[in-house]
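Peer 1: Now for the letters of each chain:
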Amino acid sequence: MFSGIVFSSVGEFLQMGTYAFHVWTVYGVFAIFLFVNLYLPRVQRRQFIREQQRRAQRDAHTGKANAGQNAVQADDSVVPGESE
Amino acid sequence: MTTHPSPQQSNQRPQVSTFSAFQATLRRDLLIALKRRNDLLNPLMFFLIVVSLFPLGVSSDPVQLTSIAAGTVWVSALLASMLSLDNLYRADYEDGSLEQLLLSPQPLYFMVLAKNIAHWLISGLPVVLLAPLLAYMLYLPADAYWTLVFTLLLGTPVLSLFGSIGVALTVGLGSRGLILAVIVLPLTVPVLIIGAKAVADASLGVSLGMHYALLGAILAMSLSLAPLASAAALKISVN
Amino acid sequence: MTTHPSPQQSNQRPQVSTFSAFQATLRRDLLIALKRRNDLLNPLMFFLIVVSLFPLGVSSDPVQLTSIAAGTVWVSALLASMLSLDNLYRADYEDGSLEQLLLSPQPLYFMVLAKNIAHWLISGLPVVLLAPLLAYMLYLPADAYWTLVFTLLLGTPVLSLFGSIGVALTVGLGSRGLILAVIVLPLTVPVLIIGAKAVADASLGVSLGMHYALLGAILAMSLSLAPLASAAALKISVN
Amino acid sequence: MWLWFSKLGSPKWFYELSSKWLPWLVVFMAVAMTVGLLWALLFVPEDYQQGFTNRIFYVHVPVASISLACFPLMAGAGVITLVWKMKLADMVAKSAAPIGAWFTAVALITGAIWGQPTWGTWWVWDARLTSMLLQFFLLIGVIALRSAIESPDAAAKACALLSIVGAINVPIIKYSVEWWNTLHQPATDLTMNENGANGPEIWVPLLIMIVAVYSFFVISLILATRNEILVRERRSQWVMDIVAREKV
Amino acid sequence: MSASAAATSVHAHDAPASPLLQASALFCERDDRVLFSDLNFSLFPGELMQVQGSNGSGKTTLLRILCGLNSSYEGEIYWDGVAIDEDRESFLASLLYIGHRVGVNKILTARENLRWSSALHAPVTDADIDAALDGVGLAGYADVVCRNMSAGQHQRVSLARLLLSPARLWVLDEPFTTLDVHGVKTLERLLADHAGRGGAVLVTTHHKLDVPYELRRLNLDR
Amino acid sequence: MSASAAATSVHAHDAPASPLLQASALFCERDDRVLFSDLNFSLFPGELMQVQGSNGSGKTTLLRILCGLNSSYEGEIYWDGVAIDEDRESFLASLLYIGHRVGVNKILTARENLRWSSALHAPVTDADIDAALDGVGLAGYADVVCRNMSAGQHQRVSLARLLLSPARLWVLDEPFTTLDVHGVKTLERLLADHAGRGGAVLVTTHHKLDVPYELRRLNLDR
Ligand code: HEM
Ligand SMILES: Nc1ncnc2c1ncn2[C@@H]1O[C@H](COP(=O)(O)OP(=O)(O)OP(=O)(O)O)[C@@H](O)[C@H]1O
Ligand SMILES: Nc1ncnc2c1ncn2[C@@H]1O[C@H](COP(=O)(O)OP(=O)(O)OP(=O)(O)O)[C@@H](O)[C@H]1O
Ligand SMILES: [Mg+2]
Ligand SMILES: [Mg+2]
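Protein chains in written order, with this note's numbering: chain A, 1 to 84; chain B, 1 to 239; chain C, 1 to 239; chain D, 1 to 248; chain E, 1 to 222; chain F, 1 to 222.
Read the hints as simulated data drawn from the structure, not as lab findings. There could be a bad hint or two in this list.
Unchecked claim - The calculated lysine-lysine pairs, modelled on BS3-like cross-linking and capped at a C-alpha distance of 30 Å, are:
#	chain 1	residue 1	chain 2	residue 2
1	E	Lys-106	F	Lys-185
2	D	Lys-85	C	Lys-35
3	D	Lys-87	D	Lys-20
4	D	Lys-20	D	Lys-247
5	E	Lys-208	F	Lys-208
6	B	Lys-35	B	Lys-235
7	E	Lys-106	C	Lys-235
8	C	Lys-35	D	Lys-20
9	F	Lys-185	B	Lys-235
10	E	Lys-106	F	Lys-106
11	F	Lys-106	D	Lys-87
12	F	Lys-106	E	Lys-185
13	D	Lys-20	D	Lys-85
14	B	Lys-235	E	Lys-106
15	F	Lys-185	C	Lys-35
16	C	Lys-235	F	Lys-106
17	F	Lys-185	F	Lys-106
18	D	Lys-20	B	Lys-235
19	D	Lys-85	F	Lys-185
20	D	Lys-247	D	Lys-87
Claimed, not checked - Just so you have them, the derived chain B footprint on chain D, three or more residues with Cβ under 8 Å:
#	region
21	152–162
22	216–227
Just so it is clear, CB atoms sit at the ideal spot from N, CA and C, and this is done for glycine as well.
From just these sequences and the hints, can you work out the full model?
Peer 2: Put into structure tokens, the structure is as follows:
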């Protein structure tokens, strides 16, 4: 079942026969895909937290209650998914 | 003011039957269409124009036109049906009639069904009737005419019923037209495929029982389920 | 209330230049489209979906698809452009912004032009950019790609400009979509014919100078005249 | 059952539970993905027909097969949203749609890149490809509807309904497309299954990759859902605590 | 403009046996602003209640919630003692709602509009319709297409429904908008009459109601 | 409701040199009904004029005719002594019209709406806009999407234009609709202030204007 590494050199590995372009584009797309779907949520999460912290600070300064009442103030919709 | 029924009387007053409410809604929608004669003419004109874009845009060669005739007529019927849908609930939403409909004590299924039937009579049926003429213009073989008419007859109501769900979902939105098409067109692919295939097969002499059975099944299913989905969607949209 | 300019001051106040009003209108329309991201996505998706209906309806045979590719892409671009037009003045009419536009002391020509340019940037340009992909899917010969892009680049603004006249004429009417299509489609037939012909000719190696010259002339003419017609039509519709 | 259900419906509960499990899942996925990728790239023998393009197989097939899970998932969440009005279900559905669209797009792209050397064309109107394209359209429709409706509540219900209608239609579309294509079969033989040798050295790494991509799907869904939870619950005390605690 | 509001009935009423409409612990939040919370009130037969509040205080929202047109609320609403979700049909059979959008199709004539909207609730004759239009000062306009009517005339067409409907509960959102002085008078009388006959009326308006009838007030402002 | 109407200016006014707006022998017929014929009036700087009339008497029609939005009339209209058809541009530069449809896009925020509408007339800064919104009781709502506002709040956004515009002539069609009591007060003061500064106001409303200013009335009822 395990026939060992089928390439004899790194160059050969990179060439993938004559299919370097196809194989590596696919794996590149896949890598981007992985990256985007794993990393973007983290970015968005951080953005959200930062935004909320700023809001909390602002509210603390202006002496406003933190819940509900003042929310009409501005674009309250800091939705991570929509901030790209 | 003498005829004003007092609320006390009202409990004894005969309630409206679901059927007469159904009838009133159907009649109202047909009346509106009749008054705006455009509603009657436009789906037809659109169908005609789109179909005739093909000889202009593609080629005027009879052989080539023959080979694309069935598909072109079906795609154009699909688009014409889709575009006329915009009127289905829009005006009612904007002037508040839709709220009245939702607040009627009748089962919404029948009210929606009445509106869908009216829509099909206005925009689907004329297209079906005009189709043979256009088929002729595209050099469709003569033995496929009846198949074209019958498949459209089974298929266009499905387009109205499915489309109705899409319009109901988008009726509250500022921009319509396109989003409706984006939602609804993919759902109607089976009807398109079967319909166009049947017409193409008809001229090859293939037996068409299977095609009709499939279209009939889809129609039956959507007649019973789609108005329910539309009704639910309307409730959501008016919220 | 301290900042309120009194009418007496106002006569000394700097008047707004036509250019900055043009800019503000253009920016506003783009902003609205950006906020409703759907406005950006939907013309594209519609274009994609309609194009892919043809293989489904007509045939998946590459040879046959090749022969209808140019026409299909052009017809679909035409329809996508037409349907996205619905948004051009409708919302403004309904909420009264259109009246404000008509009552601005600026030349209406430029205001209308700004709106048309915004519409093309939102719905025409993306379609042009996506066209080669769809052309590939329909097996258009590779040497016709650039022709397709260039003719669409010259042609889609004409569709926006002509379409604008149609929308302006129908903006006050209850039923749109279809009536618009019925008015505008016939007007755009020349563009369609020339564009599709150019693409078809490109793969035959025929010289295309004539086609481009015609399209360019139509574009120049409609750029200078169509906004005037739209402006006049708007005035009539608001009446 | 009911208790469990309402507990599961609590976004807070889900958030905390997923906090616990997420690291393990990530580790598991990382290991499986590394093993799978290395195996696929380095050890799988060259195919006698396709050459080294068979490497694409190990990305394409897992992604394609998992993308098919998306519509049923969204429809299930939709039913829960409409019937039990559970907020969490809608958050999952909302997060699933773009992820599903990504998976479908990647399946289409990798398939296209594979098709070029094997079939000599990037695209054919083959049944499977076409139905995949239509699924992509349906997903975009759901996403477009979601972003078009302003009120989150109405958007939730509308998308739930559309997902259900879509899910009922997906099989119908698939069958009709297959029927359409088998009836006028194009010249090229497009059957995907004929890979010649089918030994364990081919399918074991595939299995590993499927497991890895599956856990990747679950992880990204959880991540997106957690963000959605934070946003929608931003008024509640526990989220404000998290916000206050976190350093960014 | 306003924050949350707990409303109280202003007048103590010599109430009949059971309330027609009852709201219990209603809570509604829009856009992260609490419009009202723990709102409780009952509406008895023969009562005329005006919902008050500044712009944006949630009057329209409240009325739509009560009619079941808006479901983003918490709490319970009872019609005749039964939760409205449970027996929606009998609730709807007794309800007449006229909102900001009055439900008048512009392409149809006044008569055609009324014929349809009443067909959803109770059968009426053409004579009924003529009488109702007469009652709202639109005598002779029965066969005029609504597009050719002014803003106030539209409003009147929709108000003619009040005279055609057998509903016990009227829910009216700013029905006085665009009515002229005479129209305002007529409508005020209609409301009082309805309540006097044992019906119930829930109405929002910013204008000072001048009705010869006891008026309850529900204030949504804090 | 009303038949044709010849209107007369009710108050004799100690008029300044020349009228701002002058209508001469206006005649308008709609749907075979004469709304007004031989209507003559002048509006001088510093005047506040209320157009009155029952529903359907032609108030909206008259205002739209004066603004040039409706051209189905006979007669002449002069701005500063010049027929408005001749020098439309300078007329429009001095005109602010707010109609039944208030011209507020629901997708944009209050600020974006005002920024655009004022860009058509006069350059304004963000601070101006904030001040104007403050002036109509919408402080803090500058960046709220208009879809999420109530009916009265919409109306207020459009009224903020009054505070941003350099126009001398205000033409307002039922601007008090859906405003709460406080909003009505504010608007009445704005109208009086504008007239007091030498502007001119033409306004329709069915409610009794309570302004600390001399009010002229134009009655379209026969
Ligand atoms: C745009 C092009 C393509 C798309 C959209 C596509 C899509 C799909 C889909 C939806 C599956 C189903 C996965 C499952 O049922 O579990 C699949 C599986 C597969 N595809 Fe593709 N594919 C494409 C191109 C290709 C090409 C060019 C090849 C190879 C020559 C290929 C080979 C396979 C194989 C071997 C499988 C697994 C077989 C199976 O599970 O039935 N695909 N693909
Ligand atoms: N689009 C139209 N086409 C034809 N006639 C119309 C149209 N709009 C209004 N009318 C008619 O013109 C008359 C005057 O309408 P207008 O809107 O000017 O009245 P109004 O004084 O503003 O009334 P309201 O107080 O109700 O707003 C009405 O009697 C109506 O029948
Ligand atoms: N579609 C909506 N989405 C989100 N929030 C909304 C929406 N419509 C209204 N609101 C908000 O809800 C609040 C109440 O609105 P509502 O229309 O109920 O007020 P109202 O009391 O009827 O005011 P008005 O007197 O101006 O008609 C407003 O402050 C507004 O900001
Ligand atoms: Mg309201
Ligand atoms: Mg009026």
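Peer 1: Would you mind marking each hint as holding or not holding in the structure?
Peer 2: Verification of the supplied hints:
As the CA atoms of Lys-106 (chain E) and Lys-185 (chain F) are separated by approximately 34 Å, the hinted pair breaks the 30 Å bound. Taking the CA atoms of Lys-85 (chain D) and Lys-35 (chain C), the gap is near 29 Å; set against the 30 Å cutoff, the hint holds. Between Lys-87 (chain D) and Lys-20 (chain D), the direct Cα distance comes to roughly 21 Å. Compliance with the 30 Å bound is thereby established for this hinted pair. Among the hinted pairs, Lys-20 (chain D) with Lys-247 (chain D) is consistent with the structure: their alpha-carbon atoms are about 19 Å apart, no more than 30 Å.
A distance of roughly 12 Å separates the Cα atoms of Lys-208 (chain E) and Lys-208 (chain F); the hinted pair therefore holds under the 30 Å criterion. Proposed proximity of Lys-35 (chain B) and Lys-235 (chain B) is supported: the alpha carbons are some 28 Å apart, at most 30 Å. Straight-line distance between C-alpha atoms of Lys-106 (chain E) and Lys-235 (chain C) comes to about 21 Å, which keeps the hinted pair within the 30 Å bound. Annotation: proposed proximity of Lys-35 (chain C) to Lys-20 (chain D) is violated, straight-line Cα distance about 37 Å (limit 30 Å).
As the CA atoms of Lys-185 (chain F) and Lys-235 (chain B) are separated by approximately 38 Å, the hinted pair breaks the 30 Å bound. Between Lys-106 (chain E) and Lys-106 (chain F) the alpha-carbon distance is near 23 Å, which keeps this suggested pair within the 30 Å criterion. At most 30 Å may separate the alpha-carbon atoms for a hinted pair to count; Lys-106 (chain F) and Lys-87 (chain D) meet this at roughly 28 Å. This hinted pair does not check out: Lys-106 (chain F) and Lys-185 (chain E) have alpha carbons roughly 34 Å apart, beyond 30 Å.
With a C-alpha separation of about 26 Å, the suggested pair Lys-20 (chain D) and Lys-85 (chain D) falls inside the 30 Å cut-off, and the hint holds. For the hint linking Lys-235 (chain B) to Lys-106 (chain E), the alpha-carbon distance of about 23 Å falls within 30 Å, and the restraint holds. A hinted pair counts as satisfied when its Cα atoms are at most 30 Å apart, and Lys-185 (chain F) with Lys-35 (chain C) does not qualify at roughly 35 Å. At roughly 23 Å between alpha-carbon atoms, Lys-235 (chain C) and Lys-106 (chain F) fall within 30 Å of each other, so this suggested pair holds.
Between Lys-185 (chain F) and Lys-106 (chain F), the direct Cα distance comes to roughly 26 Å. Compliance with the 30 Å bound is thereby established for this hinted pair. Our distance criterion of 30 Å between C-alpha atoms is broken by Lys-20 (chain D) and Lys-235 (chain B), whose separation comes to about 40 Å. With a C-alpha separation of about 45 Å, the suggested pairing of Lys-85 (chain D) with Lys-185 (chain F) is violated against the 30 Å cut-off. Restraint check: the Cα-Cα separation between Lys-247 (chain D) and Lys-87 (chain D) comes to about 28 Å, which is no more than 30 Å; the hinted pair holds.
With 6 residues carrying a beta carbon less than 8 Å from a beta carbon of chain B, the region 152–162 of chain D meets the three-residue requirement, and the given coverage holds. Closer than 8 Å: that is the beta-carbon criterion, and the region 216–227 of chain D has 0 residues meeting it against chain B, so the requirement of 3 is violated.
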